[in-house]
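Novice: Could you build all of it, start to finish, from the sequences and the hints given here?
Protein chains in written order, with the working numbering: chain A, 236 to 893; chain B, 49 to 674.
If you're looking for bench data, these hints aren't it; they were derived computationally from the structure.
Some clues are possibly wrong.
[To be verified] Among the chain B residues that face chain A by a calculated CB cut under 7 Å, a handful are:
| no. | residue |
| --- | --- |
| 1 | P373 |
| 2 | I549 |
| 3 | D565 |
| 4 | E567 |
Note that the structure is a prediction, hence the values are computed from the model and not measured.
Built from N, CA and C at the ideal position, the CB exists for glycine as well.
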Amino acid sequence: MISISIDGKTIEVEEGTFLLDAARGAEIPIPTLCHHKALTSDGNCRLCLTEIKVGGKTKMVTACNYPIREKIEASTTSDKVMEFRKDLLTMMLARWPNVSILKTYAKQYGATEPSYKHPDRNEAEDACILCSRCTRACSEVAWENIIGFEGRGSDRHVTMPFGEQYNRCIGCAMCSNVCPTGALKVYDEANNPVDSAQVKKYGAKLGEEMTLLDDDQCKMRRVGTAHLVEIMDTYDLLPTHNYKFGSHEESHKIASPIWLKMLTQNTPDGCWAGCMMSCAKCIEGFELKTGPYKGEKVLVDGPEYETAAGCGSNMGIFDPFAVAEINFYCDTYGIDTISFGTCMAFVMECYENGVIDKDKTGGLELSFGAADNSLEILHQMARGEGFGVTVGQGVRKMKKKFVEEFFADAEFLQDIGMECKGLEYSEYVTKESLAQQGGFALASKGPQHDEAWLIFMDMVNKQIPTFEDKAEALHFFPNFRTWFGLMGLCKLPWNDVEPTNNAEYDEPHKVPGHLEGYYNFYEGVTGKKLDEGKMITMSERVYNFQRVFNLRMGFGTREHDYGPYRAMGPVTDEEYESRAERYDEQLKNVVGQDPAGMSTSDKKAALRKFREEQYDSLVNAVYKRRGWTNNGVPTVEKLKSLGMDMPWLLDVVAKHQE
Amino acid sequence: MTQINFTNLGSAAAAEKKRLAGYKAMLMVCTGTGCVSAKAFSLLDTLKEEVSKHDLDKDFLVVGTGCNGFCGQGPILVVQPQGVFYQRLKKTDMTRIVEEHLIGGKPVEDLMHRELSSNEPIHKMDDIPFFSKQKLIALRNKGLVDPENIDSYFARDGYAALKEALEKGSSKGVLAEVKTSALRGRGGGGFPAGVKWASCIAAVDKTGKEPVVVCNADEGDPGAFMDRSIIETDPHTVLEGMCLGAYAIGAKEGFIYIRKEYPLAVTRLEKAISQARDRGLLGDGIMGSDFSFDIIVHRGAGAFVCGESTALMASMEGRAGEPSPKYIHNVESGYKDRPTVLNNVETWANIPVIVEKGGKWFAAIGTGDVSKDPWGGSSGTKVFSLVGNINNTGLVEVPMGITMREIIFDVGGGIPDDREFKAVQTGGPSGGCLPASLLDEPVDFDTLTKAGSMMGSGGMIVMDDHTCMVDVAKYFMEFLKTESCGKCNPCREGTVTLYGILDRITRGEGVKGDIDDLERISRVMEAGSLCQLGATACNPVLSTLRYFREEYDAHINEKRCPGKVCKDLITFTINDECNGCMVCAKRCPTNAISGEKKAKHTIDQNECIKCGICNDVCKYDAVNVE
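Specialist: Shown next, in the form of structure tokens:
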């Protein structure tokens, strides 16, 4: 810490603090035009010039970018400073006599329009004063560099390349948001929002948060979702060897620092124009080692977290190049990386347990970590040849085939085959989060976390301790996230960057600050007010309709809401023993059974009984909260209360009412 | 290609010296840009043909050299080692020189320079006053080496300083000599090079980042050509200086930032670099030592502001050439945030000599006491480009502390056409104009700054009494307003506003309060500009106001231009000296002059565009300008 004085006030600041921040922290005002908190200081307006005494010398420095590295005495109101500001503003008034912010400062510092005429006098109230906030926002906030300066001296002006509208502009409006005079306007009326100002205001707020907070929170803009690898590993949630474990000593080889080195990005890669998070990433010039494009250099779109986990740790593969290659071919063939990863993890566990062998796999050795042979399976799958055809059917059909044709232990395969409703599990270990077990298995489309991702609020932050709390979460979040789908919005900006004051709200796990933003955004677009109740009702109709649809297709009852036991607890002795301390502790303190002297197999059975009962109770509570029967069917009253009393709909549920 | 190492540099030099000694004489044709524009290359070819024609190739070697310095007298040929100086040559003169001088043994007197007062031909170059008062360090090899042949640099003991430093293996030794020399940056700032290098070394220790050395060859001042000439004349001295600097601070990479408008300099530089690489003087393991260093030429697009260090580095990094604050110095975080030593061409050119002859030898030349504090004076020499209303236009290198009078009247030969000296502008466009009363002040960094001008990179424009100082200030302000990058308010708005006011004054539309406005705006620029370009851009105004305020008053209050330059404030009339010769009437572009033969002419003021041709052509002083 360095002790400095500003206008006689003594302040302690950290080395490197900018003088302006130090002054504003001490509530000493310094006028600025080009400074903006979300942007790097440029020091071009010179209005913040402050007189400092340092090492016996007096000099004038721009407070906005003067880093405090030694003891200084600053004066923000010395005669020299005040006269400078007055004369500078006088000069600026000669060019821009009617710009409001200049007029305000001019009044404050006693400047009036001079008698000399400026050759480029601009009398507009919204004249551009060349502060470069917009160009810095474009480069630093949007990472786009679409607008910049052209011309020297007083010819300097903001423009797009060659002075033409450039179609690479993503229309994020960050430039107009930071413009101090209103000179820069973004015209985006094509969608006819009711109140475009409100929409822009919300967008600008989000953009600002992204710029200021993302680097400290999730680094979505730098590495994308792959930053989760190391976090999941730390919390024992990274699926490893077909979800047996939640961490691995080699996981650092597929963690974000590795990806950061491999990812190349000339421009931010958002899913659509205007996204400020731009978490999509890619590897350019990647040389393929296998398959039809062997030897060619290609662009790999990814990897995202679930690809790194699914096609990496879950398959026991810790070679980032193999993961990238699987990523590329899955994309090229149109195969989902999560399903592929979970299918292969299942195949590998079966292989290691002797359920299948080289005779069945066409001669391919498929233990965990077999990267080259996994790629071969992927190519077979695409060609419709060999064992790839079997794997390509998915876990549910493989289970059936392995039992019927290879005489495998049906119960074991049911326990380790990570699918529910026929869909493969997403890449999170849910053993220690009851709520997330429900989040996956109760999801309409199958165990996909886009309905609810509750692990952290349940397991780490303990925000939803009771069945009722969990049921409430499994009511709110699936509906809330359904609303994103209805609006065509991405979920990531909702909570991958959180406002700094999030913890001050009553229900921080909902990120209420952002909910308010969505209400404003909705209102700006449609002109209709929105609140939490209205939002959830909107979704509930769709969500219940989906459930009825599932029912009609034969998947909408309680039995289909149960996943494999691997998602709830340790299936094998190996799994139990690897985390024995945790399980023993639960047996002793929660289940009330002293594990001392019990065999692993007995302990496993006792824990399983307890956990399965817990899940039953959770399902009961969730159905109740959702207004469904104990068999998971929406009640007629519930549908009617949602205004869904169409006879053809009620017919489907009628025969399932208890 | 023989790789140069510690043991064979001496023999390479000796071999080249021996080869040259085998000739009766060397014919050094200046092929600096000035002479080239006067067809020096074709002269060079003609001379070679003539020599061959007479079968004299064994006896005489024709060499194209860099700038001789006496640019006003180009094209130039010097016969060495005898030192016979020929000037203002034409193609046909080549035959005469070969036949009369080389074959006949009689130097051609009417192609020689002549003494101003007696008009007697001067046989030896060293006897010409323009050369005799100079002291050459940076330009020590001018006219004596072939810039496109590294061996000729060896023959002048080139790379000996680098060899000695590498052989001793003491990078600290190099730094110590440069510190002792108190060499101050020749680019204008006058910051001691040794201090800069030492801070860079400290920054490297602190950050662990690899340092770089950069040579600033972005010479943008109108009328200045010191750096260009040094590179065109003796590129290896710059390379050797940079090698020594890199060795002192531990850099492996060097850059030369040079403007694309200097095609000859760029060509010669690239040739020199490639020859140095071929001979093992750049690249890995220089001269067989463990010191590796290479240089890349970076061509700038020619913005004046790119001579400013932070703008230069932004440009090198591929960003727009605009300055940024220097609160954290380049030596700590410069090119790509690496510790960076940036010195200009002339500074680098001094380094080999300093290392060879010792810092003390260098410090003894110049002014002040620099033994304890490099800011205590100005050591060494300074190269100036001497232009304007002066007899001897050209490039001069003089010891620091020489008076302005000596430079202008002794070296420069005074003002032509018997006119009066009025002012000298130093320091480039953002320097200042100094009056006759300061002619006897010593020329050094601190005196010039105190006088309201600056050393700059060494431009020196001499003006006679037919110069209007308000017009001069306007001229420089026009340059500065176009070259201001426009990033910060004081410079962008200040230059354009100052120009507007000056323009008005020169048009006779000056009003009371203009001078006050000029001063106020200048103060804002001085105190508040982001870079030194802006902070000094007001100097032309402030220095002319300080020394020639009465000219401003005459323009504003009396609508009169004392220099008789500002067209709106002067009228041309014909007086009784007119004998009716009709010459002016014939030459007048607007036919404004009428009158009979042998009768006094008159000028129609409505038609006159004040071009001044009548005055120029009149032999009888019959045109009055009032």
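Novice: Is the shortest C-beta separation between I549(B) and chain A less than 7 Å?
Specialist: Check passed: Cβ of I549(B) comes within 6 Å of chain A, closer than 7 Å.
Novice: So, D565(B) near chain A? Judge it on the closest CB pair being under 7 Å.
Specialist: This interface hint holds because 6 Å falls under the 7 Å limit.
Novice: Given E567(B) as an interface hint, is the shortest Cβ-Cβ distance to chain A below 7 Å?
Specialist: Not OK, violated: E567(B) not within 7 Å of chain A, min 10 Å.
Novice: Can we keep the P373(B) interface hint, with Cβ of chain A closer than 7 Å?
Specialist: 5 Å, holds
Against the hints set out earlier in the document, a violation occurs for number 4 only.
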